[in-house]
Amino acid sequence: MEDVICTFCGSVCDDGEFDLEKKKIKKFCKLGSSKFAEKQRIKAPMIDGKEVSYEEAIDKAVEILVNAKKPLLYGWASTANEAIRFGVLLAEKLGGVYDQCASVCHAPGTLAVIEEGLPGATLGSIKNRADVVIFWGSNPAEAHPRHGLRYSISAKGLLVKDRKQRKVIVVDVRPTKTAKMADVFIQIKPGFDYAIISALRAIISGSADVVPNEVGGVLKERLVELADIMKKAKYGVIFYGLGVTQSRGRDRNIENAIKLIQLLNRTTRWVIWPMRGHYNVVGAGEVPAWEVGYQYAIDFSRGYARFSPAEFSAVEVLKRRDCDAALIIASDPVAHFPMSAVKHLKQIPVIQIDPYPNMTTLLAKIVIPSAVYGIEAEGTAYRMDCIPLRVKKIIDTNYWTDEKILEEILKRVEKLKG
Amino acid sequence: MAVVIKPKKFFEVCVEAELTPELALRSVDEVKKFKVYYGNKVVELGELFEVAKQGDEKKLILDGDFSRVKWIGARMVDGEIVVKGSVGANCGAFMRGGKITIEGNADDWLGIEMAGGEIIVKGNAGNLVGCAYYGDAVGMTAGKIIIEGNAGNYVGEKMNGGEIVIKGNAGDFIGTEMRAGVIEIHGSCGFVGGDMRGGEIRIKGSFELLPTFKKTEKGWVGDVNVKGEGVIKTF
Amino acid sequence: MIVVELISGRTLDQGATVEEKLSEEYFNAVNYIELSEEDFGQLAVKEGERVKVITEFGEVVVFAKRSDLPKGLAFIPMGPYANAVIDPSTDGTGMPQFKGVKARVEKTEEKVKTVKELLEAI
Amino acid sequence: MLWIKNGIVVDPKNKIKAEKMDLFVKDGKIVDETKVKKQDCTVIDASGKLVVAGGVDMHAHIAGSKINTGRTMRPEEMRVVRNIAGKFRATVGRVLLTAPAIGYEYAKMGYTTSFEAAQPPIGALHTHEELDAIPMIDKGALPVFGNWHLVFKCIEEKNMEKLKALVAWAIERSKGFGVKVVNPGGVEAWMYGGNVKSLDDQVPGFNVTPREIITWLIKANEELGLPHSVHLHCNNLGVPGNYQTTIESIKLANGFSNAKRQVLHVTHVQFNAYAGSSWRDAGSGAAEIAKVVNSMDNVTIDMGQPIFGHATAMTGDAPFQFSLHKLIGARWSNKDTEVETGAGIVPIGYLPNNPVHALQWAIGLELGLLVDSNKVALTTDYPNGGPFTEYPYVMAMLMSKKMREGELSKVNAYVQKATGLTSIDVEKTLYEVIHMTRSLPAKILGLENKGHLGIGADADIAIYNLNPLETDTSKEFEKVYKMFKSAEYTIKGGEIIVKGGELVKEVYGRTFWVDATKKADIQAVMPDIREYFNYYSVQLGNYGVEERWIKKPARIEVV
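Chains A, G, U and R supply the protein sequences, listed in that same order. One point on numbering: in the working numbering, the residue at position 288 of the first sequence is 288, and numbering is uninterrupted. One point on numbering: in the working numbering, the residue at position 183 of the second sequence is 183, and numbering is uninterrupted. One point on numbering: in the working numbering, the residue at position 31 of the third sequence is 31, and numbering is uninterrupted. One point on numbering: in the working numbering, the residue at position 37 of the fourth sequence is 37, and numbering is uninterrupted.
Don't read these hints as lab results, they were simulated from the structure. By construction, the Cβ of each residue, glycine as well, lies at the ideal position given by its N, Cα and C atoms. Please note that the accuracy of each hint is not assured.
Think about it this way: if two alpha-carbon atoms lie no more than 30 Å apart in a straight line, the pair counts; the simulated DSBU-like pairs of lysine-lysine are [claimed, not checked]: (1) R:505 <-> G:41; (2) G:58 <-> G:41; (3) R:519 <-> R:219; (4) A:259 <-> G:227; (5) G:41 <-> G:53; (6) A:189 <-> G:214; (7) A:259 <-> R:326; (8) A:411 <-> A:27; (9) A:232 <-> R:197; (10) U:71 <-> A:343; (11) A:365 <-> G:41; (12) U:113 <-> A:50; (13) A:39 <-> A:232; (14) R:5 <-> R:479; (15) G:218 <-> A:259.
Taking CB as the label site, the calculated pair distances span [what the hints assert, rightly or not]: (16) R:22 <-> A:418: 30 to 40 Å; (17) U:104 <-> A:228: 37 to 47 Å; (18) U:116 <-> A:17: 23 to 33 Å.
Only chain A is shown next, with the shape it has when bound in the complex:
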């Protein structure tokens, strides 16, 4: 089978070849290959560790959800839009909180978009045109292994034909694998992204004299060089990663970077884009945006959507003990949240929907196994640049899809709630 679409990372490579007999994927990277490899699965739906039918598990889940004063519905980054849509409708119907993995990943980028917008481009546009590529706090060699080949570092584009015609720059606090592939590596002091971006803006806009000799561990002359490369680029791109979203400054770092891009566009072309992690974390934000108005950290307790990451992001909700039940789908907060947030998950009934057992399974009251999108189920996903792709079903399964499980839950909740 050709043109198979990978449902691992935000690159969503769509050129895989799946050998149906050997059940092996070709062309994909280590991450993609692991996605398509056979793994331990949750065998059957469970309540308190006891195997039950899908119907029984769903009935019990519904009972917990409708009786909750504020259920948290979290995850969504590794499932299809069709499932996400039912999830958003369910959160609205329940008067709960919808939050998705971006809130511990790239959501600060969304806060920056609110402040300054998002001057961006699709990955195809970037591979065709970008003669300068900056990875700022991002490390595709480990997180998006084929990104460089398909879209950025060595991609063969229309105007920029190969690696030789492209300058690759890495800005990071450590010499990452990606840094080793770069023409220029600028090592900065952790927590100084904002200051360095401010300095670059000053240099580019003619206020270089104000900038001190060293900013964030980088000598001014190196910043002047970098500013010069940026100004001379015909079409440049900053791909930013968790290095800026998860460290000091978070959204303010990105906001500042967007202001830098705005400035550069006065004389040449520059775009900026987040290196989104999960294959459909973009869908997990886009679907609620059109259904209820916001991308994440959405509270429905008043019967309509309200947005406030300071209150309604999953980590804040859990740390404040502001939910009394949780539905966790397609993610593993127990592994990926700070301990102080996990603590509350241990106190409340947790319903988990996932193909694979993970740390959240260990504390979930109800576990509902599901089919894997892109392998066992078809559905829509948005690549990191918001390009929609229809991921494929390539083998049969008896597992229900997330879409079907959630539709069933929603139907029953609607019946109970009227």
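Fit chains G, U and R to the given chain A structure using the hints.
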């Protein structure tokens, strides 16, 4: 006719109660009927709180731990609120007048886009004090916020007037995109004044200066990236 | 004992095992700390020996690994071990500070907890 | 089955000017009286009420990555609560609405069809997902062609067969409805930081000009015989002095004809109707444009009327959006899209006392008043000019000079000298305004069963509490406005969805798309498409939308 409101129990999830001194003008029974949100349930205030009358001022006395109660004093225009304990998020949001005294700590989003009045926090405050709410262009425009303890990050973002005084330390990114008004920090803080256009930030302790401010007689002036005339100085 | 600035982040191995969280492979992909040559030397540990990482927010025992990090910077792959010690405050953004927390690292004889044991300890 | 009794019907397509008559509905269609059993009919007493076809919005940005990025950028827009969750979905939005809010608000106003005016072909699946999420109305989407490298290549090669094949292939792949052209060549120039300034500028990297792009696409469109004509957003949008470019572009329709409809639709002309050389001396070019449009029988336009208040500029015209960002300093989103197109988004607001905004407002009205009612459709270019929910304001303004005088007194006096609005005495009739909002947009789009109430038409009907025989639309503008804001009944596909201005039933409409693949030799262009997919970031096999992925597709085959 001050009204005294006391939580009856520990709240399983946060409560949203836009309590303002206007309530003091109502009878105890009416106050008990005031609608508050307990998770996704709309309930009467009296279900969650004890209500009593005391004295005759236009004043609310919130007696107990209100750290799980949000939006207290939101949009209030006059009168007084005294919180004997700590208070939840969004306290004094969009406030235009009157006075809120918090004897404990305040959570995030204290005094969002405050346009008048006074907030005093005896303990610590959270993040985003006096800021602009999501998507809005302007933060606090008038009034005064005094925090006797420490404050968190992003204090006074997009502030366009008024005064914030922090007797302890403040967090990071103070007065970002500030246009007017005064922030005074008696302790130390992190970055200050990113893209500041105007106003003044006074700091007694240490702070981190961004590379986009010019040293002048007045203090540090900037942010040059926005041709700003904001002033950062120590005292 | 040394003092470092600790960050967490993705690695290829962490990614490749992330859908097998209860496996030995995942355990091995996330249960170590990378230290610079100098810091590693100063701790006087051997590759694969155990260290205790202590921050304001918690402590965790992990395996020590030498790397080409700059001195003073340490790295634990994103996952439950990192999350036992990172700064959980979101400062009103919803995002905990997964990168950038002061940590003490010291040699220890304590064992490295399994993923399950970590959860039980919370 | 429905029996709408004793209504006063205005149905311009069928030349019915306020006649008292009954309508019958069966299986979602308007049928002859003999086709229904009257005793089985739900009867609606429409005595003394205006009965018209459901409104048709032929140009709005209601679905896809642009509006959704707009929502994400503007949480302050989403804080206006319109409906609390209950029997119907929760809806929020001030001007930028959520998908359910879009459907509900159209329905409440008596509108039953709306077309998304710009769909990047590679993002078509996203557009369709959002269209599927909009309840109540029928919809469709127009893919964009004016900056696509493959289009340039076919024109460079002067190969009409290839161009036709490309157009038919792309519309089929994107499940689109027609050919949208946005700032032809200008968006490609923006990839280098520039724009095109005249119809004869060469597009960077290609041996083509905007003039050629428009002309060739009109020719391809007409030879394919698509239901809708080329739908053009002109070059130089938002630039003082641009009315001349607009007139030149309109004249490119000369030499083409189509018995059923226009051969060129020029959209949101207000934004392209400025005289002068800068915003300091800008004036109105509306009268000149109207003169040209009125003199031609193969061109239509829509207004792009600004509404005072909040709005969000969002278009495929990426270089314009950057200029706007520089001009007003607001946040700015941009999306350069593969080798196909681009887009930009900037929040704006129209203030009555701002001379430029007042000028724009006046120009929109001038166009609506001066252009023949058979050639100008009513739009706000939602959300660029403002909310579609204020269509009734525009309708009332077109019908009442008195209302205009009142409004004129509230806006910046610059309008008095820069436009001719004050001296326009035209008052459109109710019949004309019904045409401009129903039968005309349906005709422009080529939707034969929409916009009218003849036998066989879709049973999309709006009933307003307004007796046209007893209402003086010139004097009673307040009443007219109020009545059109809130339909007494909205009937969609034969089902009552709104009653007394309130939602009563949620339905999902169809998505129209056009299949013209039999009218061209698709294979003629496939080698070029395959080659160009080296410059895409997706595989050709994963490009496009299958019909089964759409909730209620309605395929229109061109034979």
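Problem - Violations among the numbered hints, reported as their numbers in ascending order - result: Violated: hints 8, 10, 13 and 18.
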